[in-house]
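**Q** As a plain string of letters, each chain reads:
There are 2 protein chains.
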Amino acid sequence: MSLARSTETSGPLSFEPRSGIAVSAPPESRRDQVEATVAAARACAAHVAARPPASRAAWLSAVADAVQERSAQLCELADAETALGVPRLTGELARAAGALRFYGAVAEEGSWLDAVIDHARDGVPDLRRVNVPLGPIAVFGASNFPFGFGVLGHDTASAIASGCPVVVKAHPAHPRLSAALGELALSTLAAAGAPSGTFGLVAGFDAGAALVTHPAVRAVGFTGSQAGGVALWKLAAGRPVPIPVFAEMGTVNTAVLTRAGAGRAAEVAAGFVDSFTLGMGQFCTKPGLLLAPAGSAMIDHVRNALATRAPSGWLLTASIARAYTTGLERLLESGARTVHACAPPADGWAAPATVLEVDIAALQAGSVLLEECFGPVALVAEYADDTELDGALHALPGSLAAAVHSGGPEDPELAGLVACLAGRTGRVVVDGWPTGVALGWAQHHGGPWPATTNSSASSVGASALTRFVRPVAYQDAPDSALPEPIRELNPWGVPRRVDGVRA
Amino acid sequence: MSLARSTETSGPLSFEPRSGIAVSAPPESRRDQVEATVAAARACAAHVAARPPASRAAWLSAVADAVQERSAQLCELADAETALGVPRLTGELARAAGALRFYGAVAEEGSWLDAVIDHARDGVPDLRRVNVPLGPIAVFGASNFPFGFGVLGHDTASAIASGCPVVVKAHPAHPRLSAALGELALSTLAAAGAPSGTFGLVAGFDAGAALVTHPAVRAVGFTGSQAGGVALWKLAAGRPVPIPVFAEMGTVNTAVLTRAGAGRAAEVAAGFVDSFTLGMGQFCTKPGLLLAPAGSAMIDHVRNALATRAPSGWLLTASIARAYTTGLERLLESGARTVHACAPPADGWAAPATVLEVDIAALQAGSVLLEECFGPVALVAEYADDTELDGALHALPGSLAAAVHSGGPEDPELAGLVACLAGRTGRVVVDGWPTGVALGWAQHHGGPWPATTNSSASSVGASALTRFVRPVAYQDAPDSALPEPIRELNPWGVPRRVDGVRA
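Order-wise, the sequence lines are chains A and B.
First residue of the first sequence? That's 1 in UniProt numbering, and the numbers climb one at a time after it.
First residue of the second sequence? That's 1 in UniProt numbering, and the numbers climb one at a time after it.
No wet-lab data here; the hints were simulated from the structure.
Here a beta-carbon is modelled for each residue, glycine too, at the ideal position from N, C-alpha and C.
Incorrect hints may have been included.
Computed beta-carbon distance windows for the label pairs [said to hold, decoys possible]:
1. R95(B) to R330(A): 35 to 41 Å
2. A94(B) to A384(A): 57 to 63 Å
3. G193(B) to D386(A): 28 to 34 Å
4. E267(B) to A227(A): 54 to 60 Å
Work out the full structure: start from the sequences and follow the hints.
**A** The structure is reproduced here in structure tokens:
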């Protein structure tokens, strides 16, 4: 690993992971700049909240158009800072643009407002309830999805869709891309008629802490590491007025091959390797552990698959590369044994894609073996019987996703395994891999601690909007004093429950 | 205040607030008893979750019947421990029985499951999402509503309705009633076919802490003081696996009389006194602060109303009585002046119902004047102009409820005041008082910190169920491995969104 630092620069740097070469990056935000950005968000919050969802959808759609128009140059810039490759980034950008439009459409549909009207009866007052936007939201994007979970990713899009201004803290792994996306958002939102302050961008560690502790900031969206998410969660809990932190963090996502599925071991091994090395293993949904029946020869199949595929590439940052090296060492010290390690590229923040095997009895609650190691490494353990499998499953911490590879729909173990894993995860995948996260009404991207700080929240899918609102009930208020969704004539045309009946 | 302690008893005591005389109360739970109770809850959790909502509704309905059949003796016992009066308690018991049935009916209706199906299309997998019960819930009831927020109150009913076993920590203010309700629940639930462990009861401070820190407990419902709620919230956050704490705590609930409503000052003063002295001011929704226009002679009207009504009674516990005395002193030290104080009864934990006046400029953020003083005291401040009113409104901390008394629906100040208060509270009442909390689909009983630890949660109303579930997505799972609500043929007949369309 080499880390060449440009001698001409003194401020923040943008690094090229393939070489470690740095160029100058936009400066960190000064405290007064953070203050001004949050003040603008606060000042416009009521205006953003009062705009009909259709307006917010139009703003987000305009941003999506602008991003797609500049796809080539944005992806080139993103590739320079992440080494994720232009093809992958081009697809990610297109999906992120689709997400901006999707959250706008969800906002317009209006179910997320959860509008309920109970007309007065028998001495009980007229009561109406609707979700109202929380106000300015601080968004911390992730290093590994510079578009999908970056400046204009799911958190930003769903927060604006829900009627909240957003202040994004730029990720230091892609500072120039963040700045470019920020400028694009600012100019596009202004042209689309969004109130000034609807979107803001700050940079720097101190700026991030200032956001989370700022009295005007009402919630935090975060995607990234355990350490980062928990630190923000604690910071927010220590405020005089604590605020919710929706941190989506990395976990070990377990895949189980059933006994009836053992005949598919070679195919499963190939899929496993493809999935855990995707994006150089830098997915929060990476399958980090495969439990396979003894006798399936899974260790051999995985060794062959990894050796045949021989994925290679670079990690996103120097610190991720260092943590990967350290993480591999910790796994090996904890009883894991190397099955196969690929040769990494020579330069930059390259990392060896690696499969480890581990005795299933070593998978105990609290073990390092069940902590995420961010990067292209995964563990395989073989189980001899139900007792061994159950023991491992009950030791699993909460996760974002889990998978079962079965012998087909009639597999007698399938329903039990799905139910068991559902108790420990946010998404259970059958006969597939968790690394693809489709965007839609039914998606849930979250899960029990430590996958997230709030297991009821999703950072992908239609329900993402509801993180940034809270209900308010109005008792005997005249129509003119009510928010539009719960006025008698339903001017926004949103779905409602009226006197107990869904309409 | 007198506190006679029976010399024959050595364990926990049950006090009669009217006299301070104590009788023996059920013993505190030993650690092994707490462990056994939680173990039973854990062991039955999957069974409770798997029962159709109609079964859970039947269990709750059976409990409601049992409680109502024993209404007279339960209310007599409750009155002995709370001095809230048999008529009030009889009404509360009937409403609590209604709530048990209501949450069962909400569970059966099924919207709270938020079942969503996105069928596979264009290479996107089949995705289905449904809310699943969290598992054992620890419930801490309140002193002031021994039925409504007691052993069988809203938290217990909504948690069981959502498919979670419950372990209640008995409130020390009514230990004998708690034990009686607990026994009733245990026998009735068993007879109704609920799995053993669906309900459990423990007693004692240490038992409560043990519940919150127990690995098998998945969430906490709490109703009570700021200090108690925040302490449990911190305890839960310090667990190796933190869990959500839904604490509904006391706040200062503000009422504003508009200028156009000034002609109603005498009527509003009477309503204010009736509301803030209801249940000896021991309501979390007590209106603790009235802002009235200068020239409305509100101070005089309130003085007259309190002197005329002269409410008298007892507080629930010795510690509440002590805190009330201390709280009054703190308010007076902070610039409040006594308008009128009633003469309390001579014995027991009597307390003087009191109105204080305060200069509106003293209502600054962080002031003791804006902290709840639990008991029959309220403040009145007069505002001379918009600047003074706005200053006070912007200093208000979050609250459970707020009220506006207007000059009618056309009052030009009404909409602005409702919107302003909606930004700081969970429920805005127009031309009424917040002390009545109707149960229904549209109710929201919660609010921004410090009203609750989670402003998206409600402890009353149909949405109370959703506190105790989390979403799980199932990807490409066969029907036989799916929970009932998201199986293709919808065996539970719940409302769903299918391919984006609400059905």
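**Q** Determine for every hint whether it applies to the structure shown.
**A** Hints versus structure:
no.: 1; hint: R95(B) to R330(A): 35 to 41 Å; result: 57 Å, violated
no.: 2; hint: A94(B) to A384(A): 57 to 63 Å; result: 59 Å, holds
no.: 3; hint: G193(B) to D386(A): 28 to 34 Å; result: 30 Å, holds
no.: 4; hint: E267(B) to A227(A): 54 to 60 Å; result: 59 Å, holds
Checked against the numbered hints above, the structure breaks only hint 1 and satisfies the rest.
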